[in-house]
Amino acid sequence: MARTANVQNWAIDGSAAELANHLCGDGPNVAPAATVVLLMSADQIVLNVGLSYCQTALMCENNTTQSGTTREYVAVIPPACNHGILAATRVGPVVSDGTIQAPTYVGCDHGSLLGATPNMDPVTLASPKEGAETYLGLPSGKCYFTPDIIDDTWVAGNPPGTRCLKLPEDRVATNVTIRVTNTAGHGLICNRLTGNIETL
Amino acid sequence: MAITPGTKLVIKKAQEIAVFPAMSAQPLQNALANTNHLYGYFRPLLLSWSPMGSSPAYNPGITPTFIPDPVVYVVPVLPSQDGLHYDFMWTLFPKIAGGGTSRFTLQVEWTSGVDPTVGTGSTPATKWVNLYGPAMTSPLTDSVWNTRTISLVLDRTATMLRFTVTAVDGPYTLGHVAVQPSVITSITTPATYASGFLPFDPSFISQARAPINTEMVDRCKTNALSVLRDRAQCLASLVQPYTTTTGSLGGVSYYPRGIMQVMNGSAASANFSQTIGMAAAGLPAQKTFTGHVRYLINDTAPSVFVGAGTLTVTGDDGSVNQLSLDSTGQLEHGVVQVTTLGNPDSFVKVQVDLTAKPAYSTYLYALIIFWTPGA
Amino acid sequence: MAIWDAYAYGWNVNYFATIAGIDAVWTEAYPQGPTIPPAYSQWEPSLVVDNSAEIGSSVDRSTGMGQGLPFTFSLLSNPIARGFMRQDQNRTNLDVTLTADETTTMTVQSTAGLINANSYVHVGLECIGYSGSTGTTLTGLTRGLFGTLPATHYAGTVAGQVCDRPDVWRGREVRLYAVPMGPDGVCTGAVLGPVGAAGCEAVEVWRGSIDQGPYRDGNDRFTFECLALDRILTNPLPAGVTGTILPPYLGGPVYPDQWLSITLDAQNSGWTSIGGIYPFGFTVWPFAAFTGYTAIAPGTLMTVPDQAARVQAAVTAKLASLSGSYPTLLGVTFHPGYGSSNGVDYTRMSTIELKWGDAPDSTIKGMRTWVDTSWNKGNPWSTNFGFGNGGIGSVKNPEPMQISGYWTNGSVLVASNESNGSTALSGDGGYLVQLQLDNATAAVPTTGTLIIDTMAIQYGHALLQGNVVTLSTLWDLSQPYSANTGWGWNPPADVTGKKASLQFAQQDLAVNCVLKLLQSSGGTSGDVVGGVVVHGTNDAWPVGQGYGLPDQHVDAQNIQDMLMAKIGTMNLLVGGSGVSFQDQIGGLLLLSQTAIVARPDKTGTVRLGIVDTSLSGSYAEVTIYDKHLLCAAGEPITAIRKRDRVTQVVASLAAYSKSTNPLLAPVKEFGDYGTANYTIQMPGGQLEVGGVQLSANLSLSDPKSTDIAKIEGWGSAIIQQSQYVMSMEFRVVPWLPVQTGDLVGIDVTHPALWDWRRGVEGFSGYARCLGARRDLAGGALILELLIQGGPETLSLCPAATVTAFSGGSTTPIVIYCDGRFYNFFYQMLQANNGAACRLYHYWPGKGTENSGGYVEINDVQLVSGVCHLTVSSYANLTESLTVGLSRLTLPPTPYCTDWQSLFSHAEDGSHWGA
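Protein chains in written order, with my numbering: chain A, 95 to 294; chain B, 6 to 380; chain C, 24 to 937.
Source of the hints: derived by calculation from the structure; they are not laboratory data. Watch out, some of these pointers could steer you wrong.
Per the computed footprint, the stretches of chain B lying under chain C, defined by three or more beta-carbons under 8 Å from a beta-carbon of chain C, are [to be verified]:
{"id": "1", "segment": "158–171"}
{"id": "2", "segment": "213–219"}
Beta-carbon label-pair distances, calculated as ranges [claimed, not checked]:
{"id": "3", "chain 1": "C", "residue 1": "Y849", "chain 2": "B", "residue 2": "S127", "range": "32 to 38 Å"}
{"id": "4", "chain 1": "C", "residue 1": "P917", "chain 2": "B", "residue 2": "T9", "range": "44 to 50 Å"}
{"id": "5", "chain 1": "B", "residue 1": "V188", "chain 2": "C", "residue 2": "S895", "range": "44 to 50 Å"}
For every residue, glycine included, the Cβ atom is placed at its ideal position computed from N, Cα and C.
With the rest of the complex left out, here is chain A (with noise of 0.2 Å):
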């Protein structure tokens, strides 16, 4: 029996190409009953599907406005970014006196991210194959931490490298902490913040 490829690739590829192949197109390609072809099978069936969310990343630098030498830089997510099925990630504790830790990356099985509460229930897929697969290609249970993939570290008054841009002279910074608040507990952006420490 001919299979065509199984539906749990193009939910999240989404690529017109291959989307083309996996459904019968419209019309009597077939003959009448005589002799049967096989035009579906069950797991071509769109059944349980999510669609893909990317992770916003945010290039900004912002003065905050707590008192005292400590700047904060707060991005606040909105409500209902729902990941669905998919990997959320978040930024991991951030700074110290004057250094920017780079994000880290944290991948979940969603239901255990962070406390939040995700608004979708795991999803599973027929697979052709022995054995189901689970969360269109997210192991379930599993969670993991990706190297940084930032690797700048900034010190106040002396940014690294490339970034130096030029500022008015009447701008301080001591510290400056970085804090990325989820008030909604659903989604999280994964970020790099750029732009500047002011110096003394």
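With chain A's structure known, arrange chains B and C on it following the hints.
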């Protein structure tokens, strides 16, 4: 008639769909109902940006200075073709001496043209059309992050949005602005949707001994794709105040805080480049990625500056694609394409560099990379 | 294999057999040409195989087990055969146990009559050669002659008899070989064996062991009935390590570095410390040397009273060595107890009773005491007590000072693993039971179950010394905790001398469990004697835990390769009483659509290996064509049956009950499902009519979600594949190299098979060989092939987009659609003899989709690539026809023509395909 989408995807277990189910309305009907759900509840962020600098002349640690000038941001946009409602969420941090409440005036305008300096033409392509406000917010609580949400219909032809924030009572930080499709609890059934989505009503397929036909099976795919492609997602953003007053760059009396521009000294003999932004965006399980770039760059040189910047996108498999950015003062566009490993934790790195000619400065107003999967 | 090609060219096949331990190669005809295998000295053309049923193997997909077919052969009654069968033998007994690796000396009672020109003797099933002898010894031993394996033979047992002729036949390994033989009687090849040697063109056809015989049949032949190698796997494993109970006693091992620490704090009448030397503490090492006593050797077993006396002596000696006046320690007693603390059940709680004499002076009214020991993992014990000569309050001496504490590791006086690093009996106390083992074994797991009659006693520690194993921390799990008072299990008085056995559970990765189950015999793995690996590479478990199959019977590499990907990451807990390989592993095999079977492998030998029994696969080495079919009674292909439609697969966790094997605690449920059974079934649930349930018992020790996912996938695959499978029996020429488990290609035109896809007789596709057997007389090969049939799947109904129409949108006259629909609609009308056919109209996405109404079409034309449908009537077109958006599809079944109903409608009995 309107169709009520399910509030959740109804997940079929593997054994319900893998084990030779009888040819019947189910599980097909479930699949089609799931596409209704996608239409109502797939709400990726169309825009997500944190501005470079907000309050002008504000110095933490030094007595805050309050200057109630409006701050304007011009941000490219790629709205749904179905004329959806969008939730606009503003996040602000007021900080006034002595505490108290703060109010802000917010305004959103849109245009379908490419020139942000248009005045008051007669069509959306030649003017800024008011979408919201200017309206004062309810009082915000001092020294905490406050969020205000407004739901607006975004015209499908909109190419740029203009956000204006004016502080009424005191200094503040604009932390973040997010725009995402609103929940649709009742899907209307016009003749067609521009996105290609076909709402599903089960009355035909669920009748006794109904025909199982190709269109219904195909619709599972086409609906899901339509929704996915129609709702562009903001992959990366870099937004700086347009100006604090209307007019060209040279007309301001001071630079807003946190603004980044690349300036080249008059004695220089060559162009000078700087990286002004770098970030990473997660693209789980996307082996190929195509990004639609919309940006606004201007510079103080008299003529258009081709190659005033570079956008570099790097996939986590090492593939690299660069887009040359032009400084024209108008909305420009381009496309970047890279590949990733296709893992759940795959990502792309994004980097923006600007170049300034000798004795001139180059300034980026906004750059957004939109992702429409599969397109 | 090339051998069977002999038939194709008009040649024959000469069969020959060997019986382990018998120095003869039994052949059918005198094998001119090749020399006999070097291990043997003679051959004898007296083998008769024609009367045997077909030999070969098959697998049972519902059990995962192979079933080798039995082999019956006879030997003509000629002098050589009679020579081996004669019963008058010279025999003697071993005086000294002959270990498997002994090659120097065999000591017997007397060698008189044993010595002969053969220079070998038979001990059990083994044949042992010798080069020298004395009156009571044979020396210069060559172990394992003629295909036997060196083994340990115990003196003083029936198995320790030494004979000059084979004494025991049952269980002897038999191998059947075949070699091509031309019409002139000359066999090919330079040597007849061993298989695989250079110049050997023989192959092994069958392997097993004698089950019955020899017995004389009516033709004056010696007949043997043999069972195949894989039949052993349905035999329950023996009980395990067996032995005789020696007298139990109460006590435990002691170690010189065990310490006891006492703090004495004399109190005045106000119950405050009187000060001075008080409080003071001291430590004694009761089992080390102290004044008047020598050290006890580490691990020495001491009874409880002896230990208590020793403690008292040590404390007394210590106090005597200190300056100052101290109360006299009159006695130490250990009391058993039981209970629990902090949510943890302790097997025993014990009390040290220290009985003190009078206070040393009158200012001391009472004493507070702390006692801490190296074997007390709880808090130090403390109490107050008064003295005989005037105590305070109600605490008076000689009331014994009861100091209680919780032993975390068992009862008192134990060798504490953690504090003194002992690796022997640990945390043990209470009664010790010693078992004199019947057979030597290399190791005994430290935890297990002692089975005596119907009692099942869990033990926490086992110490193997020689042939005696000492068990401690005994607990009768069939009794509640409270019944195991005192020192744990109290052995009944009559337990001494009883036969008992030890049972263990083994937990390991699935592939390891399979191999160890097959090969374990209690020996040391990889023992090599005379170049022969005596114990299999995976011989790791104690005697009775495995089948003891040597490497030559087990294709370990194949088993690893086949199973690693499927069940390799699962953890199994195996080892119950009276359970077989099938009981413990069969479930996993059948679920993963594999089976274990003894069959000739690629090297030409017959070994146990794993085969795939599923219908998956796309590469077949052999394809069966029409020319390969052999007729017998007219039919080369017979349908055996339409296989059972499995509609429900129930995977159950192994039901080891506590009463039979308390060590194997009930296994957890399957993850979230909270049950011991996990059911996969057809949608619609339950056992459909005509469907069967497949049960698989699994020995998973800790089912993980990935295991469950696999099980779910396997169950689904089985159900899906089994809906339409047929077993066909193909009778084919002998030279097709097909073995059980192979995927074969089929390309035949025989009408027994039908290709419904093409609507023609015959079949072209793949099939799985579930059984291959050979007719020894004629050579024909009979194959049982599993062929996937087809589902009843129908085409989907079309949904033609309306591209244009004439007339009104609710009153159409002609409707147009794409020309590719023309054939379809044409046939639709033809099949209805020109009468009008109904088509339903609907508008996808336009709201209520069932409001489109229908049209009746009575004519169709194809004009310039456009299909024209003439409308004869219409009804309920409340949703107007809309170009580009409306669709025409078939009606629901009640309104269909016969032809229209051939396409998919809900619940019409067809299935989404595979």
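Exercise. Okay, Y849 (chain C) versus S127 (chain B) on CB: inside 32 to 38 Å?
Worked result: violated (57 Å)
Exercise. Could one say that the CB atoms of V188 (chain B) and S895 (chain C) fall in the range 44 to 50 Å?
Worked result: holds (48 Å)
Exercise. So does P917 (chain C) sit 44 to 50 Å from T9 (chain B), Cβ to Cβ?
Worked result: With Cβ atoms ~30 Å apart, the hint is violated.
Exercise. Do at least three Cβ atoms from the segment 213–219 of chain B come closer than 8 Å to Cβ atoms of chain C?
Worked result: holds (count 7)
Problem set entry | Coverage assertion for the segment 158–171 of chain B with respect to chain C, Cβ distance below 8 Å, three residues required | Contact hint for the segment 158–171 of chain B vs chain C: violated, 0 residues under 8 Å.
Hint violations for this structure: numbers 1, 3, 4, all remaining hints satisfied.
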